[in-house]
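Peer 1: What follows is each chain in one-letter form.
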Amino acid sequence: MKTNKTDFKKGITIFLFLLPGLALFVSILIAPIAVSLYRSMYDWNGFSEGTFIGFNNYIELFTNGSIKFITALKNSMWLAFFSVFVQLPFSLFLALLLGRKPKKERAFLSIFFMPVLISTVVIGQLWLKIYNPDYGLLNRFLDAVRLGSLKHVWVGDVKTALGSIIVPTIWQYIGYHMLLMYAGVKGVSTDLREAAMLDGATPWQVDRYVVIPIIKPIIRVSVIFAVTGSLKAYDFVRILTEGGPFQSTEVPSTLLENMLFLRNRYGMGSTISVMLIFLCFAFALLITAAFRERDV
Amino acid sequence: MIMENSKALTVKETNPAVKVLMYIFLVFWAVVNLFPIYFMFTFSLKSNEEIFGQNIIGLPREWLFKNYVSAMNTGNMGLYFVNSLIVTISAIAISMMAAMMATYAITRISWKLNKLTNAFFMLGLTIPIQASIVPVYVVLSKLHWLNKYSTLIVPYSAFALSMSILICTGFMVEIPSALDEAARIDGCGLAGTFFKIILPLMKPAVSTVGVYSYLQCWNEFMFANVFISDSVHRTLPVGIKALSGQYTTEWGPIGAALCIATFPTLIFYLFLSGKIQESFIAGAVKG
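Chains A and B supply the protein sequences, listed in that same order.
Position one of the first sequence corresponds to residue 1 (the working numbering), numbered consecutively onward.
Position one of the second sequence corresponds to residue 1 (the working numbering), numbered consecutively onward.
If you are wondering where the hints come from, they were derived from the structure by calculation, not from laboratory data.
Check each hint, because a few of them may be wrong.
[What the hints assert, rightly or not] Taking lysine to any residue and the SDA-like style, the derived pairs with C-alpha atoms no more than 25 Å apart in a straight line are:
#: 1; chain 1: B; residue 1: Lys-66; chain 2: A; residue 2: Asn-132
#: 2; chain 1: B; residue 1: Lys-142; chain 2: A; residue 2: Ala-34
#: 3; chain 1: A; residue 1: Lys-232; chain 2: A; residue 2: Ser-27
#: 4; chain 1: B; residue 1: Lys-19; chain 2: A; residue 2: Thr-190
#: 5; chain 1: A; residue 1: Lys-216; chain 2: A; residue 2: Ile-170
#: 6; chain 1: A; residue 1: Lys-103; chain 2: A; residue 2: Ala-183
Could you put the whole structure together from the sequences, leaning on the hints where they help?
Peer 2: Below is the structure:
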């Protein structure tokens, strides 16, 4: 009897301690996902009851060209590609350099990490000033070095708009991945490094055959963050191009917002949400599996 | 024997030319990262004539602090700054308290489902915030709950929660469990142990969690852009976007607005760079 009573009291305490967190988490994240799943099967304007249409939203998303979902997905994938194959190698390179204890190591680390802290809206505005066709730094620089023929209306030209989004996105988060990898590099024991050096390994060989294999779990996390981050991209697109010109730089999140405010298609908006969650989890699992495969 | 010698040398000495190249590269990259901040600060103090004329990247010839005045008055940056402050501080406080309590229940009370509960909260690290935007928007607009501070505070607290729990767990498992047992013997209940023993010992976690949540909330743009349509409750990122629409041709006030939004973060960073970096590492290495 007595144990039952204390157990009950303990249960109540646990419940009360979890309550604020669970209430927030379930009401803002979990329940809305369930609602999105359900509503993605509806033709719904957000206020009426809506009509059940099964998987039609999903089919339309991929087949109706005017929704531009394929374009948006392709843009996200380009962003992911450059993140994984340009940004991450560069971050790794910086982390390895700093791992060799140059003078002012902390100062370099802090400066390289700084762009991560600044709001993407601020960085986006600064890049608008760099891209400005008449007075921007980039075109004026090209004029100054007599390469005026390379001048562009950077964010307004279909050929350069996506690139104009990719460059600042990649630049801003190089420091983030560098910091994670640097923490890993610092975790490699000096004994191990010294042993390899005594066996005649050059610093690059130590990095390649000792350090990189050890920090592989961190590289995996970085790859996952880079790819899921690309799928979630929104800020730079909204600030730099608004998805234009001719909707050529839309990403899933900007389409999602358009569905709500321009087209009143809340059902389709939910479908895009669900696709985003699905893609994020699918890529996270895929990347984890790919890294496991190589370990064998 | 000669081989032996050269080997011993390579252990200690890297090629000096490589070393010089390395420093040149490090300095170059530092300049690339500092330049935007320098650029932002200098053009915030210039007139259009100066920016569009011959002095786009030099120091301002005339320091035009009136750009800051127009950003504050016409651009309402003062109001947006206060709004961002209210939203950010409230969201940090709520998510921190909720996270501390949840972490206590998960890590220091033994019961059947604590592992599962933890895994459940950790889902939040992968779920994109876009996932909840449609239903939350519909519910809030039906309840006439758009355009309030709490419209942003509640979602921001929820988004910061998973990471806060992850970081808190790292700190809380370090506290020796003998303390709990001693408290229990002295007649402290579970709740009493939390408030009297554990919470005071979690002070170092407060700054690590707080810094992470601060950056998330202070810089958040998508929800703020979608949920806040009136100008009274705008946060800084949305305010800057509105301002840049207003001042398409005048750069100075926009630069001033960008500086106003960025300086608190940079000042934090100047004093807490180690702590800030630590919180990012704590957040990613375990996830």
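Peer 1: For every hint, state whether the structure bears it out.
Peer 2: These are the hints, each one checked on the structure:
1. B:Lys-66 <-> A:Asn-132: Answer holds: Lys-66 of chain B to Asn-132 of chain A is near 24 Å, not above 25 Å.
2. B:Lys-142 <-> A:Ala-34: It holds: about 18 Å lies between the C-alpha atoms, which stays within 25 Å.
3. A:Lys-232 <-> A:Ser-27: Judged against 25 Å, a Cα distance of about 21 Å means the pair holds.
4. B:Lys-19 <-> A:Thr-190: holds (20 Å)
5. A:Lys-216 <-> A:Ile-170: holds (21 Å)
6. A:Lys-103 <-> A:Ala-183: holds (18 Å)
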